[in-house]
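Trainee: Sequence:
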Amino acid sequence: MRSWADDSSARLTQGFENADVPPGDTVPGDTSTTEVLSGSLGSAFGWINTPTDTDWYGLQTQVGQTYTIFLKGYSSSTGGGPALPDPILRIYDSSGQLIGTADNSLNSLDANYQYTPTTSGLIYVSAGSADGQTGRFSFLVIKTTATVPDVVPGDTSTGVSLAIGGHVDGVLENATDADWYRVSLTAGQSYMFHLDGASASPLSDSYLQLFGANGSLITFNDDYGDGYDSALRFTPTTTGVYYLSAEAAAGETGGYRVSAEAVAPQNPLDTIDWGTNIANTAITVYFAQAGQTFDAHTADRSWTASEISSVMAAFATLSAVSNVTFTTTASAAGATMIMVLDDALGDETLGSMSLPPLTPAIGTFSPAADVWNAATLQPGGLAFSTLIHEVGHALGLSHPHDTGGSSEIMEGVTGPFDSYGVAGLNQGVFTMMSYNDGWPMGPAGGPSGYNYGMQRGPMALDIAVLQKKYGATVSHAGDDVYTLPTTNGATVGYLALWDTGGNDTISASGSGNAVIDLRPATLLNAPGGGGYVSYIGAVQGGLVVAAGVAIENAYGANGADILTGNAYDNTLRGGGGADKLNGADGSDVLDGGTGSDVLDGGLGVDYAAYGTASTGVHASLQQPSTNTGDALGDTYTSIEGLRGSSFADLLRGDANGNILLGMAGDDTLDGGGGDDVISGGDGDDVILAVGASSVSGDSGSDTFKFLLASDSTLAASTLITDFQTGVDKISIAAMQPTNVTIGQANGVYTLTATTAAAGTFYLRSTNVLALSDVITVIVGQTLAGTPSYDKLVGGDGADVLIGKGAGDNLTGGAGVDIFRYEVAGDSHGDGYDILSDFQHGVDKIDLSAVAPTYMSILHAQGASYLFPSTSGGQMQIAAVGDVEANDILTGGTTNYYIVGDDSGMTLIGGDNPDSIVGGGGNDVIIGGGGGDALYGNGGRNVFTYRSASESNNQNLDIIHGFQTGVDKIDLSAMNPSNVSIVYYNGGTFINGGAADGAFQIASIDKVFGISLLGLTGGLYVVGENVAGALYGSAGADTIIGGSSYDAIYAGGSGDALFGGGGMDTFMYESGTDSNGAPGGMDIIHDFETGVDRVYLNGIMGATNVSVIRSNGGTFIFGNSTAGAFQIASTHDINPADMIGLTSGAYVVGDDTANTLIGGYLSESIVGGGGNDIIIGGGAADALFGGAGADTFKFLDKSDSAPGASDIIHDFQTGVDKIDLTALHTNPLDKFTLVSDANASYLFVQLAGNPDNDLQVLFATPNVKASDILW
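Residue numbers for the sequence shown follow the numbering used here, beginning at 1 and rising by one.
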């Protein structure tokens, strides 16, 4: 049964923590309560419904009698709801006044209070929560007599020991007594501890707790087996001293026996096996009609067809794994299972089922609408999981949290809810018999509703017990794919896989982070005993693999997946994202897909595979840091082999014996050291067979390359198993042989090559070999080919290779090599040469004899393609490697068109006008001489100049598409001086001097000073007559704006700034941009107050700003987080011109006639000795006119509003003036002057407003109306 009741066949609704709603509050929390604790042993059970709920109970007491009151969280081992975790007990007198409080006693979070009244009468006891949680509780009140001395201490001070294999008899002397016993336990050994009532006056209900060496609670038990004695199982992880506490569950006294014994580790299957079986496994199911009664359960209504379908679908999940069948019958007579819908079960009960060998089994279910509906009856829903739970009882399964039948309590489980056991196996994801539905300990927690997140069938532990009882079925014997759910919703839940054959896969999809674990359940009392959960992110559903099941493959998706194999040969595919793949046992294939993956093969011969790659990869077991493509960022542990993609791959082994499989594509395979097995697969492959025992090229034109004579010797030779004479090649050029011979021995063909110093090379082939199949070389010579196809291989010297005729393959080898062409027909579009190892900056291509006038060089995927135009016709040459203009000898004047690829290159032009176009990568572009057109074309590019001759006013380079803030112009090599930037028509001219003369560079786009590298001094920057931003450098710059709006970023300190016409803004982003250090102060030469602006927002935390007038100019001082700053201007600057002030400035005039204008903050403005005009601006200002006839001007009523009034501290009546003419625009306007002995007040009402619109305070008396300009 599933209910709040203590029925061992119950299923309790608290298995759905967040979804459950407790009963309504029925017990008052004050003296109005009618609930009482009565009798000789008063008791009550209740529920704290909300965090602030309290339940009060009355208790009649007698003077002089001692009462011990116990309050504990209540939930029996078979159910009853969630226990209140931390109860708090309060005692009140008859008027509701607090007598006392108790919290945490008896070495637990439960509470008890001992009270002896001085008068007889009514008191109240109150139950509440100490920490705001909810749950069930129980009250117990006992009358106690005088305290009996305690013999055994109740804490870690005890000196009484309990030997393993022995027992101790003791007595609890009083209601609060707890006897502690020392026990010495060994890590990894399992123990059983029992606390039974004993002696002539035994305890009737014992309570056993286990504590650690420091006195912290580890676990406890109340009621084990059919009675009220207690027992618990424990397996320590640390050897040492522990403590057993013998207590009474109800505060009674009496005798007991506590015992300890070493036992075998618990079999988790014993915790869910009731111990009985059904007699007939062909179960016929009858669905009761309305009004029919079976076993005292009367059906409230008949079953619907949809409900019957859901029930049979639930039962079918058990038939799928064990030899038990379920069929419906139309008659109750002879039925072996009867299903009843009965509301009488109550709101707290989901269902119940009679246990074998009772026949017929009666299953009763509550059809409450919130938990029994179409949604919850789907797999993964509450009602569906209840059905499989209850039929589990009918088949002889029990709860892991109690001792139904012959079952044991699962080790570490202390209650039906929220207690998962030492290995976490008391969860629905591992057994459908748990009350903890779903996977509460998983990353998504337990179910968040009734409709999904629970069990979809019997789980791994259930399957093992059912198959032990009734035998296993053959199920899913073909190739199956099991897909993980990607989102929460209907039918989502947990399922154990029972699969008896085929090649099977667990697969993920989407972008969530998937965890797929192919390991089956171990059925041990340890993590993994119930299986390993495969799931995606926070989805409340997933899969486990039942014991004995082999799932071969795991396929991730686009997230950061974790895939784990099992003992079989697995294929693990990570897909997109940074994945972690662990093959575990077996010979596994690990394909991480895109992203930086961690590949761990585990035991067996394992492969890192790239079969899903969309392009070729470079994968090296020896140096994975050199990997590219899908292998980029991959790391390898216990990987013995590599499998390539369908494209051209480069696979390298390590010093161990590896297996390299190129698969399709033109691959290069290098076994490295060790005894390797190499197979090229389809395509034209190059195989470096260093120490390999056998190699095969498969189809395609393959090259077997050997570098040293020791790579294959007579004592340890390599065998080529599928050599194709006339198609494949054997390259031994690197060992510089002096003699090569072909022979036969023992039924195979042999190749023997002698070398000058390194010994004799010996190779075997199962197929015919010919000398024409061997690529070799003479060191340091000129190698000339024939008019037909040739393959020329140079040595380590300075070779000259002349292919002659078209379509040759030329390899220079080490050294400074020259690839020479004598006529245009030597390499053209119908048959172009391939230079297989061109070394940029070392080798040369000699086209002097054909004298090209124009040449395109195109770069793509590490290769260069040359298209020289000559008088003899168009040529075409391909080179593996980077070829630039300075690598080519042309013998005349040649203009180049050079295009980079997306890899990030250094592109170098010639000495004539060239066009150079970068690729999508970060390129370095060097135009060379001749007035070039340069295009960065995306990426972060650097245009580099080495001398003034590379760009000047005679041969001007023009940069197209310059990306300000991204690209750079590097002038470092020229050591430039007197550099200026002039903007014209949206473009830029950069001028300066170098050691070899003046240089000039043009850009179609804006180039700022911050984009120039290698400056040794300040810049001279000139803007144009359109709005824009002007940037300086880190040096002392001169910046001149145009006639329109400019934003001037001077950068480093000590700049001379000219805004020019228009409204200009002088931008300061750091306190270091202008300061008082020698030469560190910027000077603004043409500031227009009221028009231009000084922007200080970039100066974080600008404070203590002062604006000082001096000799017709202005100094601005202040502090910032980067230090003090100082700015100078040859003209007036007022606070009203400044953006970014966080507090009012301090403004001081000089002895000339100043106009001082405040901003919108509260400022202090002090005039000098002249006749000043002072405008405070918004907010409350402090104004001082100083000497001279000063005018205090108010332009708007907000300049001195009531509540934010200006104060004029030194007004001179008859000398100074208050100018209100800007405000007086209406005949109804008026002002009022009020004066006393110390001060004067000016009030202005505008447009007939009876309230003051403007108010000014004078710190001097006797201001007169004649002082007001109205």
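Any given hint might turn out to be false.
Below, a list of computed lysine-lysine pairs in the BS3-like style, where the Cα atoms sit at most 27 Å apart [claimed, not checked]:
#1 Lys1217 x Lys1230
#2 Lys1264 x Lys1230
#3 Lys1197 x Lys1230
#4 Lys844 x Lys804
#5 Lys1264 x Lys1197
#6 Lys1230 x Lys1193
#7 Lys1193 x Lys1264
#8 Lys1197 x Lys1217
#9 Lys1264 x Lys1217
#10 Lys1193 x Lys1217
Now the in silico label distances, taken between C-beta atoms and shown as ranges [said to hold, decoys possible]:
#11 Gly831 x Asn767: 24 to 32 Å
#12 Asp131 x Ala187: 53 to 61 Å
#13 Gly166 x Asn214: 47 to 55 Å
#14 Leu714 x Thr635: 37 to 45 Å
#15 Thr328 x Gly166: 27 to 35 Å
#16 Ala369 x Thr491: 18 to 26 Å
Honestly, the hints are just simulated from the structure, not real lab data. Think of the CB as a built atom: it goes at the ideal place given N, C-alpha and C, for glycine as much as any other residue.
Trainee: Keeping to a limit of 27 Å between CA atoms, is the pair of Lys1197 and Lys1230 held or broken?
Mentor: 13 Å, holds
Trainee: Within 27 Å, alpha carbon to alpha carbon, are Lys1264 and Lys1217?
Mentor: Since the Cα atoms of Lys1264 and Lys1217 sit roughly 10 Å apart, the hinted pair holds (cutoff 27 Å).
Trainee: Are the Cα positions of Lys844 and Lys804 separated by 27 Å at most?
Mentor: Distance of about 17 Å is within 27 Å: holds.
Trainee: Keeping to a limit of 27 Å between CA atoms, is the pair of Lys1217 and Lys1230 held or broken?
Mentor: Holds, at about 17 Å.
Trainee: Is the distance from the Cβ of Ala369 to the Cβ of Thr491 consistent with 18 to 26 Å?
Mentor: Check passed, 20 Å falls within 18 to 26 Å.
Trainee: For the pair Leu714 and Thr635, does the Cβ-Cβ distance stay inside 37 to 45 Å?
Mentor: 39 Å, holds
Trainee: Keeping to a limit of 27 Å between CA atoms, is the pair of Lys1193 and Lys1264 held or broken?
Mentor: Between Lys1193 and Lys1264 the Cα gap is close to 16 Å, so the pair holds against 27 Å.
Trainee: Assuming the hint says 47 to 55 Å, is it satisfied by the Cβ distance from Gly166 to Asn214 or not?
Mentor: 25 Å, violated
Trainee: Hint check: Lys1193 vs Lys1217, CA-CA at most 27 Å. Holds or violated?
Mentor: 8 Å, holds
Trainee: Between Lys1230 and Lys1193, does the CA-CA distance stay at or below 27 Å?
Mentor: 17 Å, holds
Trainee: Take a look at whether the Cβ-Cβ distance between Asp131 and Ala187 falls inside 53 to 61 Å.
Mentor: 33 Å, violated
Trainee: With a cut-off of 27 Å on the C-alpha distance, tell me whether Lys1264 and Lys1230 pass.
Mentor: Given pair Lys1264, Lys1230 holds - Cα atoms ~15 Å apart, limit 27 Å.
In this structure, the hints that do not hold are numbers 12, 13 and 15, in rising order.
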